[in-house]
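*Asks:* Residue-level listing of the chains:
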Amino acid sequence: MRATSHLFKDNVAKALADADLQTALYRVDKNFTARRTAAVTALPEFEALRDDAVRIKDHTLAYLDLYLETFERNVTAQGGQVHWAETPDDARRIILDLCQAAGARTVTKGKSMIAEEVALNPFLEANGITPVETDLGEYIIQLADEPPSHIIGPAIHKTKEQVSDLFHEHHRQFGKTQRLTEGGDLVAEAREILRPRYLAADVGITGANFLIAETGTSVIVTNEGNGDLTQQLPKTHIVVASLEKVVPTLEDASTILRVLARSATGQQMSVYTTFSTGPRRPGDPDGPDAYHVVLLDNGRSKLLGSDFQDILRCIRCGACFNHCPVYASIGGHAYGWVYSGPMGAVLTPAMIGIEASHHLPSATPFCGRCEAVCPMRIPLPKMMRHWREQAFDKKLDTVRQRWALKVWAWFAKRPRLYRRITRLAVRYLAWRGRPRGRMSDLPLTDGWTASRDMPAPQGSTFMDQWQTGRRP
Amino acid sequence: MSARAAVLGRIRASLGERDEEAAREAVARRLAAHARNVVPTRAQVDRDTQVGMFVDQITATHATVAQVAEENAVPAAVSAFLAQHNLPAEAVLAPDVANLGWDSQPLLQTRTGVPVEADQVGVTAAFAAIAESGTLMLTSGAGSPITLNLLPDNHVVVLRRSQITGTLEDAWDALRAEGGMPRTAMFVSGPSSTADIELTLYLGAHGPRRLHIVLIED
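Protein chains in written order, with numbering that gives the first Met the number 0: chain X, 0 to 471; chain U, 0 to 217.
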């Protein structure tokens, strides 16, 4: 997709004014956070599992080349094939070649963020192959021609009425002329429309939540079972996955699974967790004849050993989205690329460049909730700060911001002067805010005061209070 | 240079200097050990408690369970399930469950093999079940077509009490003892569901709308 991350401020303004989106975001905030809390509290070992999960991924990343070689060897031993892709373009071409070799006209797809990352659908379409998304959320946004707005709920920004409109418009060609309004009826109609597509597809493409080195296995986690139908019915199963999905053993995958679903939806296990190893075996009555894994790098190998290595632990559970006050206000599309939320604010600059996305790591109050709930304990705020340093070094922010920071830094490096100035500023602002205790305009803060009042300081400065023994 | 060599080369460059032999040994050791990480203690209990835990948890995820005393009572339990939901008396059987004495149900039409789109009911065996999370483990093989778990609207799973284990780790040990990974190992916790429309839960998104377990007290 064409990134619009550089238009972040415009995107935000649009999102804040979108009443349907605001209703949907309120639902996310209310549902997911409570469900995660309940699931986490019910498992006494949750924190210990998080520690183990971090250790597993850190160990794997430290020997990533060797685990990937082992994975490849075991896939091959089971009759499958691994294809290495350096760039999104490589991945698209490999997948197209595999589809064409299979004589494919339609392919079904399970939900895959990597397929979104490489913008697979438009490329297949341009080459005469029809991709059919089968995850209900992905199917909805495919009809709407939109990118996902959340990594585990791609269509959470859509209201039932909007889904009803989309189905009414797009299902007419299948003889469905009645407009449906009930959620259950919409789900049933999507099921009815997609069934024959599964059966007709020549190739099924899924993502992977894990790749297991020990056995050469790919794992997908779904609630709908769409990823299962997608991979079992067509003759060819293509898995598209990024390098960092690999873990050593089945035991390691089991540990991370325990924190994944709880962090994502508050489930103990998703409804379907499916381990796929090679093509069907001799004697198997069904299953795919061919099994391919396309391994995508797209800059990840360069994140290893960098300030951003820890983002490679991410298991795409979406907990950081669900607990982020910024995401809760603006939703996913405002971020302007495939990944949104806190993890997107860290990963997007690594993929499309900080020049095109420097607003994202700035859009944070640094409240730290993302890191607090991240099952993989990824220091997201710290990495956003690293990007902000790079943005500053590359002079990507406005002249006014840079000067403000420089002036502040000059004072901050002269503590006595700084304290005297802040003492004066506090008195001035307290006087200016009389009698309401707040002010509706103030020089240089129009971005703040345009939509709300600035509270006037009460009492003395922090440092003065600290010195007189008051501990806030 | 191939993409493979380029990617692996970049990874090695990023990882920096290391003792190659020690690294390979560390990886080989890790892969061979199958060491368990932290495993919740909840399911590390006796079999009776595990069975109760499994039934409680899988019924909480909208599956249903019927307990029968012995395996030749399974066909009658399947008939009862079909009658209860006003389903036609037809079922497709996995070869693994084909010899449970289906003649005892003369009104029930059965066929063994893979399902087609029109089939309403599939009956399969389980490889194991996990008490910790209330999860069935279903494996593919000559006796267990994988599409039977997915295509029919109603999925009936025949499970023996002795197949219920505590944790995923226990199930992996059992699978390794049987010769390793099949093409597909599915872990199923309830019927197919979706919350993709306004975060409301609906059952029967793409896979089975109903999941029914016939538990044999062996």
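Treat the hints with care, as some may be off.
Said to hold, decoys possible - Not everything, but these chain X residues come out facing chain U in the computed CB check (under 7 Å):
#, residue
1, Asn30
2, Ala41
3, Glu44
4, Tyr62
5, Trp83
6, Pro87
7, Arg190
8, Gly224
9, Thr248
10, Gly265
11, Met268
12, Phe274
Unchecked claim - Listed below are several chain X residues computed to face chain U (Cβ distance under 10 Å; list not exhaustive):
#, residue
13, Val27
14, Ala61
15, Glu137
16, Ile155
17, Pro247
18, Pro380
19, Met438
Everything labelled a hint here was simulated from the structure, so no lab data went into it.
The beta-carbon is built from N, C-alpha and C at its ideal position, and this holds for glycine as well.
*Asks:* Check each numbered hint against the structure and report the violated ones by number, ascending.
*Replies:* Numbers 2, 6, 10, 18, 19 - these are the hints that the structure violates, sorted from lowest upward.
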